[in-house]
Amino acid sequence: MVIQKEITLPAFERGCHLITHHINKAFDNLPDQGLLNIFLRHTSAGLCINENADPTVRQDFNSFFDKLVPENLSFYKHVYEGPDDITAHLKTAITGQSLNIPVRAQKIALGTWQGIYLCEFRNNGGRRKILLTCITH
Amino acid sequence: MVIQKEITLPAFERGCHLITHHINKAFDNLPDQGLLNIFLRHTSAGLCINENADPTVRQDFNSFFDKLVPENLSFYKHVYEGPDDITAHLKTAITGQSLNIPVRAQKIALGTWQGIYLCEFRNNGGRRKILLTCITH
Amino acid sequence: MVIQKEITLPAFERGCHLITHHINKAFDNLPDQGLLNIFLRHTSAGLCINENADPTVRQDFNSFFDKLVPENLSFYKHVYEGPDDITAHLKTAITGQSLNIPVRAQKIALGTWQGIYLCEFRNNGGRRKILLTCITH
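Chains as they are written, first to last, in our numbering: chain A, 3 to 139; chain B, 3 to 139; chain C, 3 to 139.
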């Protein structure tokens, strides 16, 4: 069986944001066992799984990704929309934008410390669309 | 239901290449709803999803990945086949080589600006094999 | 059909380790066709697929990831548990911790040179839990 839902997130500031609750509330019932694919239909924001408790992890993520993929490198061509244009695409290639998480006992089977991050890499990315696909018995 | 197909891509030059059409033409019919796994059976080329329109994105990807994973670092050991040997393995670990994309209304449900990239990290990678697995009702 | 199993790996030293055999021995029988999700329920260790033969690839991975994500950057805040704290989270975001691999002919359909790596990014990460979910007919 395949269950599919599309959700639209609120607009987020540039940076990493916990969105686990947005995913959880999209489903009235999750199955006993299955696999959930979370697919962000964009090329300048990413998804990843990381620490769900201390907000300094997300602050360090922002600082680190800005250092790893610096703006204004001399060879960049795709900067038509500003210095956060190509860098957002590059950061997205590094984190990815499609997550697969098992479903168990009617829940997304995240580990104790795991949360789902939306990594908004644009200064004004606007509202992002996510397509959720749950595969089950 | 599981539908599985193997395709062999043409040999590509080092760099990022749009291969969405190669994936689309592998299937006569895609189901109404499902999940498609695209699995590259190699360790020195990657897959990612990014901008499908402007070719400068792919040019910037090539320049950036060469900067991020420089050739000829003094500590590299696995360079038996040349300076593009270990660097291709490392770049593959960063992008990944397994994509999961939802299927909806008989189509791969990519966003408007999303395309599938083969990132060929070797100078002469040759023809690459992809195993496609579609899970549906 | 969904088959789900949880395994606990032995504790590994910091570094990349081949764990393909741990995954293979978790299943008595794999189906003819399907998709296997391998989900590490942690935020400071990653999973990736790379070269299964020469151990120097894994040594170079360790050296490179330490260079890519240096310890002791001045802006890090989340270093309560030592210099390998935030860096382990960041490396995990780069490699990811959820793999999808096709199943074919009762086997995980890895390419000839592909193996599954556990990337232990902590100095003392301890035993790591993996949830395996196989989707089939």
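Read the hints as simulated data drawn from the structure, not as lab findings.
A hint or two may mislead.
Since the list gives no way to pick out one identical chain from another, each pair is judged satisfied if it fits inside one copy or across any two copies.
To be verified - List time: in silico SDA-like cross-link candidates among lysine to any residue, alpha-carbon distance up to 20 Å:
id	residue 1	residue 2
1	Lys131	Ser65
2	Lys69	Gln35
3	Lys93	His24
4	Lys7	Ile110
5	Lys109	Ala28
6	Lys79	Ile110
7	Lys93	Ser65
8	Lys27	Ser65
9	Lys7	Asp56
10	Lys93	Leu32
11	Lys79	Leu20
12	Lys27	Arg129
13	Lys69	Asn26
14	Lys7	Phe29
15	Lys79	Arg60
16	Lys79	Leu32
17	Lys7	Ser65
18	Lys131	Phe14
19	Lys79	Thr138
20	Lys79	Asp56
21	Lys131	Gln61
22	Lys93	Trp115
23	Lys79	Trp115
24	Lys69	Gln108
25	Lys79	Gln108
26	Lys69	Pro12
Here the structure is a predicted model, which is why all the values come from computation and not from measurement.
Hint numbers not upheld by this structure, sorted from lowest to highest:
Checked against the structure, the hints that fail are numbers 1, 2, 3, 6, 8, 9, 10, 13, 16, 17, 19, 21, 24, 25 and 26, while the rest are satisfied.
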